[in-house]
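Spelled out, the chains give:
Protein chains: 2
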Amino acid sequence: MQGEGRLDVNGGTKWSRLLTTDSPLPSSSSSSNLEHVDNDIGDIGEAGNMGMESLDYEVVESLAYREDQAQRGMWRHVSYITLKWTFSLLIGVGTGLSAFFINISVENFSGWKFAATFAVMRHSYILGFLLYVLFNGALVFSSVYIVTQFAPAAAGSGIPEIKAYLNGIDTPGILLFRTLVGKILGSIGSVGGGLALGKEGPLVHTGACIASVLGQGGSTNYNVKWRWLRRFKNDRDRRDLVTCGCAAGVAAAFRSPVGGVLFALEEVTSWWRSQLLWRVFFTSAVVAVVVRTAMRWCGNGNCGHFGSGGFIIWDISGGQDDYSFYELLPMAMLGAIGGLLGALFNQLTIFLSSWRRNVLHKKGNRVKIMEACLVSLITSVLSFGLPLMTKCTPCPNPEKYPDVVCPRPSGQYGNYVNFNCHSESHYNDLATIFFNTQDDAIRNLFSTNTPREYNSYTLITFLVTFFLLALVTYGTAVPSGQFVPGIMIGATYGRLVGILVVNASNRDSVDEGTYALLGAASFLGGSMRMTVSLCVIMVEITNNLKLLPLIMLVLLISKAVGDAFNAGFYEEQVQLRGLPVLDSRPKRFMRNMSAKYTIGTKKVIQFSRISKVGHIVSVLRSNNHNGFPVIDWLHNGETVVIGLILRSYLIVLLQAKADFQLTPIPGDTRGRITFRYDVRDFAKPVSSKGVSIHDINISPAEMEMYIDLEPFVNPTPYIVPEDMSLTKVYNLFRQLGLRHICVVPRPSRVLGVITRQDLLPEVLEERAMVEEAISSRGRYEAPPYEEL
Amino acid sequence: MQGEGRLDVNGGTKWSRLLTTDSPLPSSSSSSNLEHVDNDIGDIGEAGNMGMESLDYEVVESLAYREDQAQRGMWRHVSYITLKWTFSLLIGVGTGLSAFFINISVENFSGWKFAATFAVMRHSYILGFLLYVLFNGALVFSSVYIVTQFAPAAAGSGIPEIKAYLNGIDTPGILLFRTLVGKILGSIGSVGGGLALGKEGPLVHTGACIASVLGQGGSTNYNVKWRWLRRFKNDRDRRDLVTCGCAAGVAAAFRSPVGGVLFALEEVTSWWRSQLLWRVFFTSAVVAVVVRTAMRWCGNGNCGHFGSGGFIIWDISGGQDDYSFYELLPMAMLGAIGGLLGALFNQLTIFLSSWRRNVLHKKGNRVKIMEACLVSLITSVLSFGLPLMTKCTPCPNPEKYPDVVCPRPSGQYGNYVNFNCHSESHYNDLATIFFNTQDDAIRNLFSTNTPREYNSYTLITFLVTFFLLALVTYGTAVPSGQFVPGIMIGATYGRLVGILVVNASNRDSVDEGTYALLGAASFLGGSMRMTVSLCVIMVEITNNLKLLPLIMLVLLISKAVGDAFNAGFYEEQVQLRGLPVLDSRPKRFMRNMSAKYTIGTKKVIQFSRISKVGHIVSVLRSNNHNGFPVIDWLHNGETVVIGLILRSYLIVLLQAKADFQLTPIPGDTRGRITFRYDVRDFAKPVSSKGVSIHDINISPAEMEMYIDLEPFVNPTPYIVPEDMSLTKVYNLFRQLGLRHICVVPRPSRVLGVITRQDLLPEVLEERAMVEEAISSRGRYEAPPYEEL
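These protein sequence lines map, in sequence, to chains A and B. Residues 1 to 788 in our numbering are what the first sequence lists, from first letter to last. Residues 1001 to 1788 in our numbering are what the second sequence lists, from first letter to last.
Here are the simulated lysine to aspartate or glutamate pairs, EDC-like style, with alpha carbons at most 20 Å apart: (1) A:K587 x B:E1765; (2) B:K1587 x A:E58; (3) B:K1587 x A:E765; (4) A:K612 x A:E702; (5) B:K1602 x A:E766; (6) B:K1602 x A:E765.
Counterexamples of contact, computed for chain A against chain B with all Cβ distances above 12 Å: (7) L127; (8) G128; (9) A138; (10) A336; (11) K363; (12) K391; (13) N455; (14) V652.
Beta-carbon label-pair distances, calculated as ranges: (15) A:A658 x B:L1348: 54 to 64 Å; (16) A:L89 x B:P1409: 50 to 60 Å; (17) A:L89 x B:H1422: 55 to 65 Å.
In case anyone wonders, no lab produced these hints; they're calculated from the structure. Quick reminder that beta carbons are idealized off the backbone N, C-alpha and C, glycines included.
For reference, chain A alone in the conformation it holds in the complex (with noise of 0.2 Å):
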């Protein structure tokens, strides 16, 4: 009764006027690129081709969301806990068991590689390099093959796309079923193949992947999907659950829990809550028992030739952990050339990468996969033929040394590499570090008490070398991490300089390894400006707690010289791909904005309550708007807004077509659509693109039709007014990862002021108790515009 009564009293009018005020935009609107066009992310740079989205963190308290939130007992709020608590043990098992794939993997492929390699070298050199080209050249193409086959967002190194996911912004495909296993056997494939790169950055993406894979509950499109799981089908869990498997990731990559949690919330996240700390430790931990308790079976022997390790550990414990005064010089200078190298390095993958993206890889799949088998050859034979073109160096004093194993025993894994060495007293020590799995390459540059190991020639030609090559070797279309790289041309100028110490100070106490580590450090602090996550990997996988106010002391310095020239290698790479991702604190120019700027003088494309079908699909047709504010006339004629209805959501609604009514009559819809609709049903899935206005079909009966948009709008979306400074718009937006704000004019009136007070829980509760006795009024029930 209420409804029709209110429909005499200005239905007429109302829904006539409305018809005609509300005609569609003309489609021309959404064609500059400075328009307030509310399609999110479409219109930068190329980000609109690839079809990003936003994700929404804010929750959408439609009627039908308090619905489904009424129902939920206590029994749902434990079940929900507890499948929270499982998936992290679940991200962490997973993680933990990728990783050891990989490793064992890559291990067992490079294994058979070099031996063999070793085994026909002694008939035959050239047939020996053959061998080693085809290898090598057969795991980089079935790598390339996979990804631009079969998963394209797998290939790079996935941090950016997960930092922008993070953000809150969905690049389609990063985060599918079908990129975890182009991710996992790409990464076998690169690094088996012997590329430039490393193993690290893309496990991070796989940890990522397993978790949103679990919280979808499955794969949408290989119909592996459970029901129950679906309580997960909304951004923010996912949000969460990727952050665990970011740092999933690093622990696994790295051995380095700690490290994992710490580079999760300095690299990757936007959004940090204390609760997440405690499932992320969780997470982390859960991996570091699955590794560990997978290479104790490992350690039988049951693993090929995983025997020697493969998870990077590299124990530099007997290496210096004192220091004199005036090493801090030296130790000052590596972070220097660290600062230096490392925005060097950034700003050359700008230009490659740049020009990959534009240039290149437009070219199609064939010219990646031949990009890529190029890039595998030129590595083969460097790493070939510079060591081949090496003098062999005579094994130090076995006397003075007595734990060096010089060379070491042929076919199998250590130091001193014999490698077209005539003498069987001599090393080679180039092929030491370039003919040689990179982990073994490290723990060799790393490895103490050696003291002049490397000839100062050969450690610049391999700097140079490997600079170039891991310059090259990124941005090829196979999964690349950019970690182990960046530790080896650190170590190597690391070395360096430590030689140079050695010789300056003739003190036993200096050690070249410690300095090779320092050198690590001062690369990936100047490429990738972190510190605190990075100076606790560091520690952690060289297991030298002493380290850590030197590894520090280096990173402060290389972030510094770095900050200097350009950002941070995933911020400059993020920017590359056009990932609109907002830093956490808004620019300085924002403060002499108001968001009415934003707006300029663009008319709102908005919705009234009940609207005719046919209006709705010419409106969502003819502009990529994602949200849309509906508002409902008062008893006055006066109209309100009664809240922000999604693009999503009237998909679902035109899709459906349950909601369609004859006439314009607003009913009591409360409760119908509880059996219509789960909130779930309106949740987006990840990483692909929803359902388009274009693949609904409506008769043109169903258009001449109306809806009722009340129980669906979002009732309370973030208002700010019209003169608010961007500064502090800009604040809200970000702290609150919300996806659309409202901006409205000045109010005429306040009701009231909040404060800290109005906000305890106890004080609520107090009220709560004394009022519920009284009676129910003030009670949050269905939006009270009517009673305005």
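Add chain B to chain A, keeping to what the hints say.
Same frame as chain A, but now just chain B:
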């Protein structure tokens, strides 16, 4: 002209209407506990009497502020950044030196005490006992005397108050210079006096005080201040400094820089930015270097008794670093015991502390002093008497344990104390942990490769006694930390479990010292409920990374068990003190409440733009709100909210009297106030009440004058529509660190929707460039409500 014209139109009615409607409210309106009183925190239990103040982390974008910002050139920006980093450096140096000073004093006092006692005991046990009691009593008395008479805010741990400060509540006196001095001197007395408490918590408070004093540019009371340092006189910058100070405190206390950063992040801060991480890290690194340098200097024998340590580093790198599967059971048991005992400890401290606060300590300082002296006496009697009643144990076989020095040489530090043993080859195991400095006792409990050093009965005796002592001691009016007592309690039962495991397994690889360490971790985890930070601190102080997974496991269990019973130690203390800290997440029941609910039926107290001085004074006197909406009238007679004015601003205006005017004519005030007020004049000094309205004298003639509030309002406070759910309001309030939120009616129209794209700096910059050529329209100028 414009102002006058406006007055002609609607001035007469407008101002007269204002003066009648805005009559002062009856003073009875602020009497009930459940009314909407905006004294922020005044009505929460005892808090009101303590005069806590809310902090304002939001920038008040008043005209004064904007003019100040406009003047800031590049140079001021650079000097601001430089100052920030200089402060971080100084906080690090200051905290490091303070920690060093406390440690050196404690070690020397303890050294003299034990040396003198042992010397006298050779002649007479009774004289030795008297000397011991008097020495302890004198130190504790000096501590409690300093604290009660001079710096009452220095009592206790200080961490709960710092936590509250960083959440937005300023407790009076907590961050003053006198508190700093009281804390340092008090710590020396209470720790040197052998009480069952630690110096680590107080060091965190010390670091925070140093940060705050620096940030204030010296102490106001002692007239040590520099004008140029006043740049930091705002709550946000001070918050960042205090965060650095906390991290520095932990870094200094445990020589654990990474642990310090994590502690600040996990335990004390409520807001966190990644830029801050970098600065906090820097501060911690500085502390590490300062402490190291100072200890080197002491290594040359410059520091008396300090030579043997003092800074807690319990190196147990010789301990167990592998474990068999079945050992996970006793380790999990340790976790469970830690959770149970920790929760029990928390619960008992709550009872004791609340009794102290409500009964005992209300009786005045004399009682507090007597209480502390009594506790000291009991501690002395027990720590002297119990070992006296213990039988001595023969030293371990020197052939089997060649490294063991047993008993330790007289007058030196170490393990195996000969106390009341009649044979030279015996030691007293209870005295080894009880009649010793706490650092040495912990070192002895953690000592590796000393199986069966302690008898089970000895450990049980010590555990029970020390648990009770720690319980009674916490809450006396001396600075007291809970880390060291927690470690001692945990290490004792850890060692007990270790003995059980050794007996059950008969394997040499099981090390009691490692179990002691895990026990310590479990008790701290069960009591304080920290995770990552505690884990890193434990690893850093024991210098053994390999124990990381075990410590993680134990912590996970102990925290989970403890959480089943009560909240963490600091959270409980925060609640007990009535500090209205807002948790990072809203409670579940807030979903069902709306913003309107918090307002209730109370009428909002507001000012009009031009208000009578007398009216302002009477409103300020009649209530204790801190923020008042300010309204104005449009040409058509409608009202518009022009912003929110803070009580502190009004008081400054009333005190200065410079803006009083005879007629209610709004003038064009822009540019005028610059010369009269500095933006910093409006800032409240930290940890003390500002000027009260009752302290201001205004003549009757002045009472009749007017004041134009427009230049001083915050024109754009954050607003929420009345029916927004409290969950969302809470998030807004908490995430942005607000002090006031204005509740407004549901808006009548939306001017536009802001999305991610609208806030991207590059988009805004591009647009600004385009528009700059055309016009300056839409830029942020004065509040444009006149043009509405």
